[in-house]
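Visitor: Sequence:
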Amino acid sequence: MGGMMRETQRLSLFWRIFLLNAAVVTVAFAFLMLGPFTVSAPVLLTEAALLSGVLVVMLVANAGLLRLGLAPLERLARTMSTVDLLRPGHRLAVTGRSGIADLIRSFNTMLDRLEAERATSAARALSAQEAERKRIAQELHDEVGQTLTAVLLELKRVADHAPEPVSGEVRQVQETIRNGLDEIRRIARRLRPGVLEELGLSSALKSLAGEFSTGGLTVRRNIDGDLPDLGQDAELVLYRVAQESLTNTARHSGARQVSLCLSHVPGSAAGPAEIELRIRDDGAGVGAAPEGAGIRGMRERALLIGADLNVGPAPGRGTEIRLRVPLGGEESIND
1 MGGMMRETQR LSLFWRIFLL NAAVVTVAFA FLMLGPFTVS APVLLTEAAL
51 LSGVLVVMLV ANAGLLRLGL APLERLARTM STVDLLRPGH RLAVTGRSGI
101 ADLIRSFNTM LDRLEAERAT SAARALSAQE AERKRIAQEL HDEVGQTLTA
151 VLLELKRVAD HAPEPVSGEV RQVQETIRNG LDEIRRIARR LRPGVLEELG
201 LSSALKSLAG EFSTGGLTVR RNIDGDLPDL GQDAELVLYR VAQESLTNTA
251 RHSGARQVSL CLSHVPGSAA GPAEIELRIR DDGAGVGAAP EGAGIRGMRE
301 RALLIGADLN VGPAPGRGTE IRLRVPLGGE ESIND
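For the sequence shown, the positions run 1 to 335 when the UniProt record's numbering is used.
Simulated from the structure, these hints should not be mistaken for lab results. Careful: at least some of the hints might be erroneous.
Okay, the calculated beta carbon distance ranges per label pair [to be verified]:
1. ARG317 with ALA101: 46 to 54 Å
2. ILE184 with GLY292: 23 to 31 Å
3. GLY306 with LYS156: 51 to 59 Å
The beta-carbon is built from N, C-alpha and C at its ideal position, and this holds for glycine as well.
Sequences are here, hints too, so could you generate the full structure?
Guide: Below you can see the structure in the form of structure tokens.
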């Protein structure tokens, strides 16, 4: 008996469906052949009712058997419709008989391959993006910045020797160029934060919070002082996520208050030690709007170091972004 069951499990999906239908038809045929039934010509009302009842029983039995046999396929279809490579790890339990189980295993294997390939391609893209940002920031600082500095010095010399009111007009031009130079330096810092490389993550986040504490927006920061060494890649991801979050808050949320917290969460029985970045504002919230390129970019960065990113409503009102980085689990962006 056990051998017969194993043989049935090894049948393909086509043959199992065929045998299910054949079994239902055979049982109905035997019931009509061996039972005390005859069919008159023309068919009597009682005979028609009996045949209709047998047909209904056949259809119901066939539908029930097919639903039972194809249930794993329905679960697979639901999973396929909800797969998101930016939220990896979701797999379908391998259940069902031979053909369906093989299909589920193939689907899970395909997801493994797609997630690995996406992680590799995203790492290369982000590495190229960081290199390009560094190049542009360097050119802004060395080329444009130095040129404007030379122009300021020349304008100062002209203003010192020019009569009024020309001297006042030249000084106004100086002030305009000086403001433009400050803006170029600010853009260069955002493209490639030198403070992150020179002074570390804590100082970089403090500087970032100070930059956004303008124009009616107040950024309160709370950064642990006993942070472990995270590595260059993890620090860069944490900084970029904080930068993108504050940028979105300043542009779209209408918030007045933002809290930026970076904390060290010790390991426990519930999970390993991790670094948690939490950014919470009192703005309008995300609502039902689809995720934009900024949030998708943050998710891709989080995947590169094995981190978990959650974006959702904050307690009360506003938006909360929470990034959890497991210690010792990061992969190199430059790999």
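Visitor: Hints first: check each against the structure and report whether it holds.
Guide: Evaluated hints:
Distance hint for ARG317 and ALA101: a CB-CB separation of about 48 Å, consistent with the stated range 46 to 54 Å. At about 27 Å, the CB distance of ILE184 to GLY292 agrees with the hint of 23 to 31 Å. Distance hint check: the CB atoms of GLY306 and LYS156 are about 53 Å apart, consistent with the given range 51 to 59 Å.
Hint compliance for this structure: no hint is broken.
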